[in-house]
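**Q** Here the protein sequences come in this chain order: Z and E.
According to the working numbering, the stretch in the first sequence is residues 93 to 496, in order.
According to the working numbering, the stretch in the second sequence is residues 27 to 204, in order.
If you're looking for bench data, these hints aren't it; they were derived computationally from the structure.
As the structure is a computational prediction, the values presented were derived from the model and not from experiment.
Treat the hints loosely; a few may be bogus.
One-sided excerpt, in silico: chain Z residues whose CB lies under 10 Å from chain E [claimed, not checked]: (1) Phe366; (2) Leu370; (3) Tyr373; (4) Met411; (5) Pro486; (6) Phe487; (7) Gln495.
Every residue, glycine too, gets a C-beta built ideally from N, C-alpha and C.
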Amino acid sequence: MGTHNYNFTEQFEFTGKAKTLSIIAIVIGLAAIGYGFSAEALHERTFANLLLMAYYFACVCMSGAFFLAVQFVAQAGWSASILRVPEAMAKVLPIAVIILLLVMGAGLYSHNLYHHWHAEGLTDPNSPNFDKLIAGKSAFLNVPFFMGRQIVFLAIYSAFAFYLAKWSNNEDLEGGLNSYRKSFKYSCIFLVIYGFTTPIFAFDTVMSLEAHWFSTMFGWYNFAAMWVSSLATIAIIIILLKKAGYMNWVNNSHLHNLGQFIFGFSIFWTYVWFAQFLLIYYANMPEETVYFYKRFEHYEFWFYLNLVLNFLAPVLLLMDRDNKRQENILLTVSIVVLCGHWVDYYQMIMPGTVAEEHGFGIIEVGTAIGFVGLFTFTVLNALSKKPLIAKNHPFLQESLHHQL
Amino acid sequence: MNNTKYILGSFGDPDEMMHGIDKLQENNIKIHDVYTPMPIHGIEAKLGVKRSRLDIAAFFFGITGTCTMLSFVYYAAAIDWPINIGGKAHFALPDFIPITFELTILFCAFGLVGSYYASTHLFPGRAPRVMDLRATDDRFVIAVDAKENTDHTKIDDLLKEAGALEVKHNERKYISYE
Numbered sequence: 093m094g095t096h097n098y099n100f101t102e103q104f105e106f107t108g109k110a111k112t113l114s115i116i117a118i119v120i121g122l123a124a125i126g127y128g129f130s131a132e133a134l135h136e137r138t139f140a141n142l143l144l145m146a147y148y149f150a151c152v153c154m155s156g157a158f159f160l161a162v163q164f165v166a167q168a169g170w171s172a173s174i175l176r177v178p179e180a181m182a183k184v185l186p187i188a189v190i191i192l193l194l195v196m197g198a199g200l201y202s203h204n205l206y207h208h209w210h211a212e213g214l215t216d217p218n219s220p221n222f223d224k225l226i227a228g229k230s231a232f233l234n235v236p237f238f239m240g241r242q243i244v245f246l247a248i249y250s251a252f253a254f255y256l257a258k259w260s261n262n263e264d265l266e267g268g269l270n271s272y273r274k275s276f277k278y279s280c281i282f283l284v285i286y287g288f289t290t291p292i293f294a295f296d297t298v299m300s301l302e303a304h305w306f307s308t309m310f311g312w313y314n315f316a317a318m319w320v321s322s323l324a325t326i327a328i329i330i331i332l333l334k335k336a337g338y339m340n341w342v343n344n345s346h347l348h349n350l351g352q353f354i355f356g357f358s359i360f361w362t363y364v365w366f367a368q369f370l371l372i373y374y375a376n377m378p379e380e381t382v383y384f385y386k387r388f389e390h391y392e393f394w395f396y397l398n399l400v401l402n403f404l405a406p407v408l409l410l411m412d413r414d415n416k417r418q419e420n421i422l423l424t425v426s427i428v429v430l431c432g433h434w435v436d437y438y439q440m441i442m443p444g445t446v447a448e449e450h451g452f453g454i455i456e457v458g459t460a461i462g463f464v465g466l467f468t469f470t471v472l473n474a475l476s477k478k479p480l481i482a483k484n485h486p487f488l489q490e491s492l493h494h495q496l
Numbered sequence: 027m028n029n030t031k032y033i034l035g036s037f038g039d040p041d042e043m044m045h046g047i048d049k050l051q052e053n054n055i056k057i058h059d060v061y062t063p064m065p066i067h068g069i070e071a072k073l074g075v076k077r078s079r080l081d082i083a084a085f086f087f088g089i090t091g092t093c094t095m096l097s098f099v100y101y102a103a104a105i106d107w108p109i110n111i112g113g114k115a116h117f118a119l120p121d122f123i124p125i126t127f128e129l130t131i132l133f134c135a136f137g138l139v140g141s142y143y144a145s146t147h148l149f150p151g152r153a154p155r156v157m158d159l160r161a162t163d164d165r166f167v168i169a170v171d172a173k174e175n176t177d178h179t180k181i182d183d184l185l186k187e188a189g190a191l192e193v194k195h196n197e198r199k200y201i202s203y204e
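Here chain E stands alone, though its shape is the one from the complex:
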């Protein structure tokens, strides 16, 4: 029984890697993911990666911050401890715009950091899960799920043909930095 879980094609050049993606897609081989040391234009469209929903999350975190601050200020300044400041209304909105703005930003920033960690399974203290260490350095790596795509020799050939410098058969999904 073959224990290979993932086949990794390691490329030295982004164009060759893009070419490799085309080759695999032409042959209906599903790509698990691609790891690159730098962002590559147009790769999301090619791989059909869905657009990040982080911006929508940002909006709702921000709105939460706005509502929190306005309701707190209303409670504090108009209900719990009303003080006459310069003869203005207790809940004088313009006075509280700056702090509301700040809290909107704060909630938005913290919320986004949190959701980013949650969605990437990254948080302090956790060893990052990496499929190929050199993908963080100088190699462009295409990962194919070996259990789904059983014709391993064909995958190897396609990757080599496209210019892969190295093809690895990994028995574990991730190797970490331990």
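Pulled out of the complex, with its shape left as it was, chain Z reads as follows:
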């Protein structure tokens, strides 16, 4: 314990290697996407990859806002000194939202995405393309309502993310408890909205790619995936900042907490994943098992890799207390979990779009690198705008003295 001498005005400088590398990554991404659009046959695959990464990007950022809200609602003290990192992620959400909406809009328009429910004559009884199931769902799955829902949900998330970041900024300038009280109140509202709307968001964005099939667990399964990948991202950013000499108030007890979060929610993800799988496996009804049938036929490797990366790796590596407290192990596991959730989304999205013609090559790797670069660039840019610590946060002292 004892007194601390931390620099509360410390600010991240976004220059040098981080900036160059993230710009190079964005260029690689653009090149890969350009390559994907150069040949007609690759369009659908490129769109599927764009949707995957845009969805991933948006999910990580909106879970950053969710992280903030959870900390406020729980009145958590330990996290007060690291809140600027999820805040930066939340601030980037509008950019992610615009990209996601563009990808979905272009995909719908060019019939590369969502063609299972959006095609000529699907709902017309006299058409040869008529699909009774899709016609039955068309009150929900039609383009205006679909895009409308997306825009409304994502706008609400972005607005809450924007205001939570703004109040934290006001707190820096004015002090006092007003900002904290406001953040608490609106975080409560945000969590309720978020809890009810993210499953629908996941149903729309990913599950509707295979519109005949449905699972009520799907929303929670996606929620678990986005939340744990966001936690892993927060851990990675904090550890890398620490390695670069910033945020020296973060001690291994903070890392321990993040490690517990990643460990716990990796298990939660597996729990929801398994709950969805077991019921379908056990009941063995053709209209449900078709989902896993497709994955066993053409995606068996990815299917099992998904479990290894997202369940076995974090469980075995983070079970020990000392491992959660070590920067390098936590960093490795976080990266594994992030890659794991890419695989997770990959085997959610690809069978509904490119099906048998999926692959793992320039387009997949390039798009992923491009979005990682974009995320790094925008988040670090947002992070460099404000001091790295919320100096007037009411629980700051508790966080600085945090010890587990």
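With chain Z's structure known, arrange chain E on it following the hints.
**A** Frame of chain Z; chain E shown alone:
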């Protein structure tokens, strides 16, 4: 002959007690144990208390549960009484994951309760052994073994100096609730 077995310094304030621990340690007086009515941050490190091994025990109890259930289910469903259920394999692993999970938790929980009782000498029906009753209420108590540390007046002085409200010389190790 002095019959004092333990010297207890009773403090009203945790900071003063921590200060008392420092004082005794500076003078190379070994502390037997410290009793507090609430958990105190950083006290384990200061006293050099070893980390609990309960988590390792938990892991092995859990693994035992997993193995027990899987082997039992294998015996019951595949060897002793194979039944065709929905055309699935007799030992269809996904079916048995929930019950295996439950048994892992059950073994882990019971095992931990047992090891906790065993390591703290606490179990139902046994009178708890307490050195100072008020350590369970409002006092922070440092206990020093009087047989090992023979300079009793010095210990008394150090404890008083640090702010002890009361220093007791106990001739018995424990007093109980009887």
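**Q** For this structure, which hints from the list above don't hold up?
**A** 5, 6
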